[in-house]
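*Asks:* In case you want the letters, here they are:
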Amino acid sequence: MNAQPVLEVDDLWVHYGTVPAVRKLGLTVGGGEIVGLIGPNGAGKSTTLHAIVGLVPARSGDIRLRGASILGRKPETIARAGISLVPEGRRIFAQLTVEENLRLGLVARTGHNDADRDLGWIEELFPVVREFRARQAGTLSGGQQQQLAIARALVAGPDVLLLDEPSLGLAPTIVDVVFGALTDIRERGVTVLLVEQRAQRTVALADRTYVMTNGEIRMTLTPADADDTERIIAAYMAS
Amino acid sequence: MRRTTWLQELLAPIALVALLAIASSLWVSSADQSKFQTAIVYVAIVAALYVFVGNSGVLSFGQVSFVAVGAFSAGVMTIPAGTKPGVLPTLFPLLRDHSISNVWSLVLAAGLGGVYAFAVGIPLMRLSGIAAGIATLAVLGITYNLLTYWNSIGPGATTLSLIPETTDYWQATVGAISVILVAFGYQRSRFGRQLRAAREDPAAARAAGIDIHRQRLWAFTLSGALSGFTGGLYVHLLGSIQTNQVYLDLTFLTLAMLVVGGISSLLGAVVGAIAISLFTILLGNSEEGIHVFGWGIKAPAGTSLVGVAVVMLVILLLRPAGITGGREFSLPSTFARPRLRSR
Amino acid sequence: MNHVQALIDAIGEGAVFALIAVGIGLVFGVLRLINFAYGQLIMVAAYALAFPGNWPDAASIGLAVLAAVVASLVMERIAFRPLRTADPSTMLVATFAIAYLLQNGALLQYTYRQQGGLGDSIGTLSGLNQAVTIGSLHIRWVTFLAIGAGLVSLGGLALILTRTSIGLQMRAASMDFRTARLLGVKADTVIMAAVAISGVLAAVAAVVLSISSTSVNPTTGFQETIFVLVGVVAGGIDRLVSATLGAFAIGFAIELVGTELPNSGATPFTSNVYMPSVIYLAVIVVLLLRPAGLFARRGQRTVERV
Ligand SMILES: Nc1ncnc2c1ncn2[C@@H]1O[C@H](COP(=O)(O)OP(=O)(O)OP(=O)(O)O)[C@@H](O)[C@H]1O
Ligand SMILES: [Mg+2]
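Chains as they are written, first to last, in the working numbering: chain A, 1 to 239; chain B, 1 to 343; chain C, 1 to 306.
The set of hints was computed from the structure by calculation and includes no laboratory data. Wrong hints could be hidden among the right ones.
Part of the chain A face toward chain C, derived, beta carbon under 10 Å [stated by the list, open to error]:
#1 Leu55
#2 Pro75
#3 Glu76
#4 Thr77
#5 Arg80
#6 Arg91
#7 Leu96
#8 Gly105
#9 Arg109
Negatives, chain C to chain A, calculated, CB over 12 Å [stated by the list, open to error]:
#10 Asn2
#11 Ile11
#12 Leu294
Fair warning: this is a prediction, and the values are worked out from it, not measured in the lab. Here a beta-carbon is modelled for each residue, glycine too, at the ideal position from N, C-alpha and C.
Can you make the complete structure from the sequences, with help from the hints?
*Replies:* Take a look at the structure:
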């Protein structure tokens, strides 16, 4: 399944002030893959995603989408180029309706032609967004808001979907829905980079999972390692 | 590491003011000297403003209220008692029939400024951000309105004149340096450090037990007292004053000086006030015609004000954190570690 | 004094303030910036009205709109955009500098034109200064115009904000700019849209203001803007609706306090010269009780900048 790389990160360094948060990070996500990125709090996972979408500047290194460097581009340009981030904490627009939130997803879409068809499968995947179309998004439950956030990112028709801890604070049944959806999303041809704290589930789901501590990638795990709890814990402790 | 850092930090702004005073008193034509004396008084006003705005990080549009109170109290109380009933017949008898000396008027100005700021600050210092900015602007509006129409406490809508012009180079400089000393002492005191900590991270400061409201109130009061004092210096420089001279224009100008210099350092306050004043003087003189390397340049009247605005904008665009970047002065050290280079 | 008359005049004044508030509130929404130079934008538009002298009304109004929009966009390009990531105080002081620049530029042009008196007369729509008499009420047409222009502009803006994509993007940007950009909302585009619309509104305000004053000078629009700034914050600057209501309330109160208080009396608060103190005192009380604004939703958070 290791297809043509869609997203490549090379020797990436990101600093906050003088403190490095991400160090010489390299990772590759192939077309149609689900790649995991796990690590303890403060490891630099969110920072990595933020650097990819242009929210924080990289000190050095390179980030390429389909072979072309996107380093230093504005977030809106990167979004329009085909990378959607579902940010930590969902960040839906609470005062707008569910439908308006989805319409905002369309902004990054470059070809408007297939929007309706895409909307169809997305609503099938997350029926709540159809059901509560006219509701104020802020009145949805946490799990529903997370589904809306993912749906909103998908409406843009991205090549790559980045998710930052989508299962955070969700009830187990909703976690199942979210993880289940990722497989469907991959089948639609969307490449996924998943940042998670639920290490075991992520390792089991993803084609490859990078373990990050202290700003650096320490190890790469495969689904075969999913039941090897000791190895995962050891990777976490490697800082 | 070096224990003398604080001395450098203190001496730099003082040296700048002293230099400005000495150089201009020696080499500037006597016709222009009052402009430089005004510049020195501006340094004092901006340093007083800095005590609150710089240390707290809260933008106040109200400090000129205290300048105004200081200016009018010092002005009204130093007009000779003999002439007051003639020029200001509507004053309260207490104000009308008594006069005080120059020095006491400065003490009075500082006292009233401080008391007024304290009274206003008790409720207002609960606010932060935009609400604080607008509430202090409202205080300025009320102060201006009352001073302009209530002729029992001042000249009302007329000009207050016949004020002894006691602010000369000596008084202006000593006054400005005194304000700088107090501001510096406050900034290094426990209270000052607590307020600066709260400016950087309010949540952490609160967790560490810092009472932000109280610390802001102290700074506001001290800034009010210093502002009142500078109002006294100002009025004794002008000799006559109207309320609109201590209203929005002065507020915008002094805030601009502070931000252009660098909002979070005392050096920034001083540098900003001096820089903008010098540009104003320079451009103003070019309207009267100046000679640069034998070229006569004469700008049309009014150009200088436009020019000052352009200069401010350019400085802000080039150095958004101000000329000093909000840092105090420190000598470049030969032993400094090589800095980590960016890229 | 006829109280109904006073009420109607107060509504007219409130409508003008509301117009100005929307211009300020829109820009605040996307830039987190209180634009102290907005009054000078109104002044620029008023000079554009005065400039052609005897053009047809529609043409000179068109010129005013053009002038205000261009001035507004230039302001954004040269000052707001480069300072977007700077400290809020830096951007604020930049607006002081721009205000100062425009005001003194307006002064300067009198020197160039070698014209002594300050102020140019404006004849646009001057017929609207006539009053209609209904019973004991004398209502000037310009009052109707102010209310009508307020309603039409606000209605039009509401349509833009709710029915168009750029409007939705503007609303999203003013709620959470970072997330909006992640969704592909172009920062420069929404900011320019907001700034341009605020320019149009400045021109509308200029038309209404200069019908009453029949002239323009370098301070045109300044005092109104200061009151509106105070009003939008007292109303609640985080939402356009609450900001507009706040400014309307201030305009309404100013007119009402001004006409209902007696004309003379030097003791504070006994006559209408103390109107500003009354207003400002009320604003302080409002802010102390509800720092997020009188009309803000409960527990409203303040939003981070770009
Ligand atoms: N805006 C910021 N300014 C300064 N430091 C930051 C900032 N954001 C993150 N950091 C620091 O960078 C490091 C990496 O943070 P990051 O948010 O990327 O971690 P994370 O792996 O996403 O953690 P978590 O699992 O808790 O979300 C941390 O030490 C954090 O304190
Ligand atoms: Mg994170």
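*Asks:* Are A:Pro75 and chain C close enough, Cβ to Cβ, to be under 10 Å, as the hint says?
*Replies:* holds (4 Å)
*Asks:* Verify the interface restraint on A:Leu55: the C-beta must sit less than 10 Å from at least one C-beta of chain C.
*Replies:* holds (7 Å)
*Asks:* Does the nearest C-beta of chain C fall within a distance shorter than 10 Å of the C-beta of A:Leu96?
*Replies:* holds (7 Å)
*Asks:* Against chain C, is A:Glu76 within 10 Å by beta-carbon distance?
*Replies:* holds (5 Å)
*Asks:* Does A:Thr77 pass the interface check with chain C, least Cβ-Cβ distance below 10 Å?
*Replies:* Cβ of A:Thr77 sits 8 Å from chain C, so the hint holds.
*Asks:* Checking a non-interface call: every C-beta of chain A should be farther than 12 Å from the C-beta of C:Asn2. Is that right?
*Replies:* holds (42 Å)
*Asks:* Please check whether A:Gly105 passes as an interface residue: C-beta within 10 Å of a C-beta belonging to chain C.
*Replies:* A:Gly105 check passes; min Cβ-Cβ to chain C is 6 Å, inside 10 Å.
*Asks:* Given A:Arg109 as an interface hint, is its Cβ closer than 10 Å to any Cβ of chain C?
*Replies:* This hint holds: A:Arg109 lies near chain C, its Cβ roughly 8 Å from the closest one there, short of 10 Å.
*Asks:* Quick check on A:Arg91 please, does its C-beta sit within 10 Å of some C-beta on chain C?
*Replies:* Because about 4 Å separates A:Arg91 from the closest Cβ in chain C, which is inside the 10 Å limit, the hint holds.
*Asks:* Does the claim that C:Ile11 lies outside the interface with chain A hold up, using a Cβ gap greater than 12 Å?
*Replies:* Per Cβ check, C:Ile11 is outside 12 Å of chain A; nearest 29 Å; holds.
*Asks:* Hint validation: A:Arg80 versus chain C, beta carbon distance must be below 10 Å. Holds or violated?
*Replies:* holds (5 Å)
*Asks:* Is the nearest CB of chain A more than 12 Å from the CB of C:Leu294?
*Replies:* holds (19 Å)
In summary, this structure violates none of the numbered hints.
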